[in-house]
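K.L.:
Required output: the full structure, derived from the provided sequences and hints.
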Amino acid sequence: MATRPIRRILIANRGEIAVRIARACDELGIATIAAVSEADQAAMHARVAGERVVVGAPPARDSYLRGDRLIEVARQRGCDAIHPGYGFLSQNPAFAEAVERAGLIFIGPKAAAIRLMGDKAAARRAMVAAGVPVVPGYEGAGDEDDGRLVRAADRLGRPLLIKAVAGGGGRGMRVVRAEDDLGEALRAARRESEKAFGDGRLFLERLIDDARHIEIQVLADDSGDCVQLFERDCSVQRRFQKIVEEAPSPFADADLRQRMGETAVRAARACGYVNAGTVEFLVGADRSFHFLEMNTRIQVEHPVTEMTTGIDLVKAQIRIAAGERLPFAQADLSTRGAAIECRINAEDPDAEFAPSTGRILLAEFPDGPGVRVDAGIGTGDEATMHYDSLLAKIIVHAEDRPAAIRRMELALAGTAVLGVATNLPYLRAVLAHPTFRAGAATTAFVSRDMAGWRSDRGDPEDALLTLAIADHLRAARRDGDPVMGRGGRHDDPWCRADGYRVGGR
Amino acid sequence: MWFHYRGAGGNRAVRVERRGEHYVVHLGGRLREVIIRRAAGPALDLLVDGRPLRALVAAEGDRRAVKLGDGDALSFDRVDAGSDEGVEVRIEPRASAPGDAPAAGRPAPDLPEAVTASMDGQIAAVMVKPGDVVEAGATLVVLEAMKMEMRLVAPRRALVRHVACQTGDVVRRGRLLVQLEAA
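Chain order of the listed sequences is A and B.
Residue numbers are given in our numbering: position 481 of the first sequence equals residue 481, and the series is strictly consecutive.
Residue numbers are given in our numbering: position 23 of the second sequence equals residue 23, and the series is strictly consecutive.
FYI, nobody ran anything at the bench for these hints, they're computed from the structure.
From a predicted model like this one, the values you see are computed outputs, not experimental measurements.
Where hints are given, some of them may not hold.
Claimed, not checked - FRET-style restraints, in silico, Cβ to Cβ:
1. B:28 to A:456: 28 to 36 Å
2. A:479 to B:182: 53 to 61 Å
3. A:399 to B:164: 45 to 53 Å
4. A:130 to B:133: 49 to 57 Å
5. A:413 to B:77: 20 to 28 Å
6. A:41 to B:169: 46 to 54 Å
7. B:136 to A:130: 33 to 41 Å
8. A:456 to B:124: 30 to 38 Å
9. B:8 to A:413: 20 to 28 Å
10. A:97 to B:169: 34 to 42 Å
Stated by the list, open to error - Cross-link-like lysine-lysine pairs, in silico, DSS-like; alpha carbons within 30 Å at most:
11. A:195 to A:315
12. A:242 to A:195
13. B:129 to A:195
14. B:129 to A:110
15. A:110 to A:315
16. A:110 to B:147
17. B:147 to A:315
18. B:147 to B:129
19. A:195 to A:110
20. A:110 to A:242
21. A:242 to B:147
As the list claims (entries may be wrong) - Computed footprint of chain A on chain B, listed as stretches where at least three residues anywhere in the stretch have a Cβ under 8 Å from a Cβ of chain A:
22. 4-18
23. 25-36
24. 52-66
25. 113-125
26. 128-134
27. 145-159
28. 174-182
Where is the CB? At the ideal position from N, CA and C, for every residue including glycine.
P.N.:
Structure (structure tokens):
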């Protein structure tokens, strides 16, 4: 089979995933060019890439979503390929086509597969045709009017989920319970979907409230080989956003794992899938499972699969895009131990998780055996309003799930992000919750078990005392007074060893 | 030397005095003896009345943040206490805008109501104009940051007196966006 050598990659993304891609390229001996916005010129992904090119203004539509400009830069700089990461242009079939038309390699599936899976109604029909069970629902021809949807809703019963045909990321979605006005919910979902995707088409699914979100990672190459790398359990979600993910699923047994894995491979083959992808399922308490959607890109939570299978998924993506065959068969794959990922988001859990922006005054991450940190920021970097709130991911791997939970608790305790509010206290509460620890969390966990959670930061007196000592040390140093203590001369705590200096008074 | 900080619980004053190799800290009506075992960059390793206390600290301008040991981060602002030096005062959390807090003896609904930005962000949409009468729960302004939209709604039926923002504006948390008054 023909291989197409990849020597230089344009990274068309930002934050932790851009850093992750640059690392994979470094290991493969591939040069990297970061396409960055004006706001990200000094960001971590711009720093770690071999070269950086400013492609536009801070808003994503002027930079990270400027497909034409990204392709132009890739060509000018002699790149062979573009890695789109997740989000932004990663699931835009027109972009994938334009990249290939420009003679470059799009590191991801073919545009046809992206297009099929991006149309949630068409994807449902294709899955039904391939014998993959889908969540009971109604998509009709995919462009049904409110009248037909209302009649279908009457047949399906409540509760229901209205979803956008062009949807993703929880937008254009509405839960309709018995007491809710279906007509109003349809109008609101259509408006939101129009605005978010420029496409107001909707479909219906029965809401399976108390289910598990379990997804299967697949890898497929040009030759038609397709393997599955087992499951991830992403049931801990807040407003359809995953916050804690793990592998293996504490719910899946060998039989369910095998049936879901085989079904995922069938789903991938049905759309001629090539490269890395994820087939998402909702799994009921009776272990029945239904196709939700297929994500045609690398996912945020890919590291838990990497930790348990030992396969580097980003390197695999690049090799597949270069035309190489998968170097392993299904029988060669197995998992070892348990892995958990926690997403550190710049959100204030004391203010209804409102985004928190500003300079990261201090970022310290944990280390030690089995601890991995995929961070997109460091001390002195800026969390800006223009992009999503994911700052870093803490991933742990241990011999079994209890050991992984303990390792994660210590890792979170050893994580410090000062200067912006983060969801760290919330993540620690999730890890401490008996339902999570028992492996019994479903998609209802956050709204039901965590509903009463309030942060408790305790008595601030030790904090005030510490700050006053630090401010005193600074004042003494400014006055030229050598500050001595038992250990000898002390640093000014506001002065960073790495040369980053924060303002003080 | 006195230091004043404002946090979620109000204003607090702390006095630090150096006595040779150790420090005496006055806080909350109590004295504590503090020994600095190590201060290396942002990491402080203290003994407080013989009890070990490890912390990470950071500052920018008047902003202060601290994480104690394995605990969660806390944020404060360093404030100038002026003539209050040496007096521990607790104040109520800041009102979102002047005029927001009802004056003594006057019923709140008669007062103008300031709707302020609940987070740093960009104005995605302004749904009202001066002179509009809005019902309770009506969306006034849509604020967007980090791909999240936040709707600022009318707390009660009200007349829109003034709109202080337009679509596309970048605003800081706490900035006045819409001024309402009783309708």
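K.L.:
Now look at each hint and say whether the structure bears it out.
P.N.:
Results of checking the hints against the structure:
For the pair residue 28 of chain B and residue 456 of chain A, the beta carbons lie near 19 Å from each other, so the given range of 28 to 36 Å is not met. The hinted range of 53 to 61 Å is satisfied by residue 479 of chain A and residue 182 of chain B, whose Cβ atoms lie roughly 55 Å apart. Range check, residue 399 of chain A to residue 164 of chain B: about 58 Å between beta-carbon atoms, so the 45 to 53 Å window is missed. For the pair residue 130 of chain A and residue 133 of chain B, the supplied restraint of 49 to 57 Å holds, since their beta-carbon distance comes to about 56 Å.
For the pair residue 413 of chain A and residue 77 of chain B, the beta carbons lie near 26 Å from each other, so the given range of 20 to 28 Å is met. At roughly 24 Å, the beta carbons of residue 41 of chain A and residue 169 of chain B sit outside the given window of 46 to 54 Å. Taken as a hint, the range 33 to 41 Å is violated for the pair residue 136 of chain B and residue 130 of chain A, whose Cβ atoms sit roughly 50 Å apart. In this structure the hint that residue 456 of chain A and residue 124 of chain B lie 30 to 38 Å apart at CB holds, the actual value being about 34 Å.
Between residue 8 of chain B and residue 413 of chain A, the C-beta spacing of about 22 Å keeps the proposed range 20 to 28 Å intact. The hinted window of 34 to 42 Å between residue 97 of chain A and residue 169 of chain B holds, with their beta carbons roughly 37 Å apart. At most 30 Å may separate the alpha-carbon atoms for a hinted pair to count; residue 195 of chain A and residue 315 of chain A exceed this at roughly 36 Å. A threshold of 30 Å between alpha carbons decides the hint, and for residue 242 of chain A with residue 195 of chain A the separation of about 23 Å falls inside it, so the pair holds.
Only pairs whose Cα atoms come within 30 Å are accepted, and residue 129 of chain B paired with residue 195 of chain A is accepted, the gap being roughly 22 Å. Of the pairs offered as hints, the one joining residue 129 of chain B and residue 110 of chain A is violated, with about 48 Å between alpha carbons and a cut-off of 30 Å exceeded. Restraint check: the Cα-Cα separation between residue 110 of chain A and residue 315 of chain A comes to about 18 Å, which is no more than 30 Å; the hinted pair holds. With a C-alpha separation of about 27 Å, the suggested pair residue 110 of chain A and residue 147 of chain B falls inside the 30 Å cut-off, and the hint holds.
Among the hinted pairs, residue 147 of chain B with residue 315 of chain A is consistent with the structure: their alpha-carbon atoms are about 29 Å apart, no more than 30 Å. Restraint check for residue 147 of chain B and residue 129 of chain B: the C-alpha separation of about 25 Å stays at or below 30 Å, so the hint holds. Between residue 195 of chain A and residue 110 of chain A the CA atoms are separated by roughly 27 Å; this keeps the pair inside 30 Å, and the hint holds. Taking the CA atoms of residue 110 of chain A and residue 242 of chain A, the gap is near 26 Å; set against the 30 Å cutoff, the hint holds.
A hinted pair counts as satisfied when its Cα atoms are at most 30 Å apart, and residue 242 of chain A with residue 147 of chain B qualifies at roughly 15 Å. For the region 4-18 of chain B, the assignment as covered by chain A holds, since 9 residues bring a beta-carbon within under 8 Å of that chain's beta-carbons and 3 suffice. For the region 25-36 of chain B, the assignment as covered by chain A holds, since 7 residues bring a beta-carbon within under 8 Å of that chain's beta-carbons and 3 suffice. As drawn, the region 52-66 of chain B meets chain A at 13 residues by the rule of a beta-carbon pair under 8 Å; at three or more, the given contact holds.
For the region 113-125 of chain B, the stated coverage by chain A holds: 5 residues have a C-beta nearer than 8 Å to a C-beta of that chain, and at least 3 were required. Coverage of the region 128-134 of chain B by chain A is violated. Counting CB-CB distances below 8 Å, 0 residues qualify, and the rule asks for three or more. Chain A is given as covering the region 145-159 of chain B, and this holds because 5 residues of the stretch bring a CB closer than 8 Å to a CB of that chain, at least three being needed. Coverage of the region 174-182 of chain B by chain A is violated in this model, with 0 residues showing a Cβ closer than 8 Å to a Cβ of that chain against a need of three.
Violated hints, listed in ascending order, are 1, 3, 6, 7, 11, 14, 26 and 28; each of the other numbered hints is respected by the structure.
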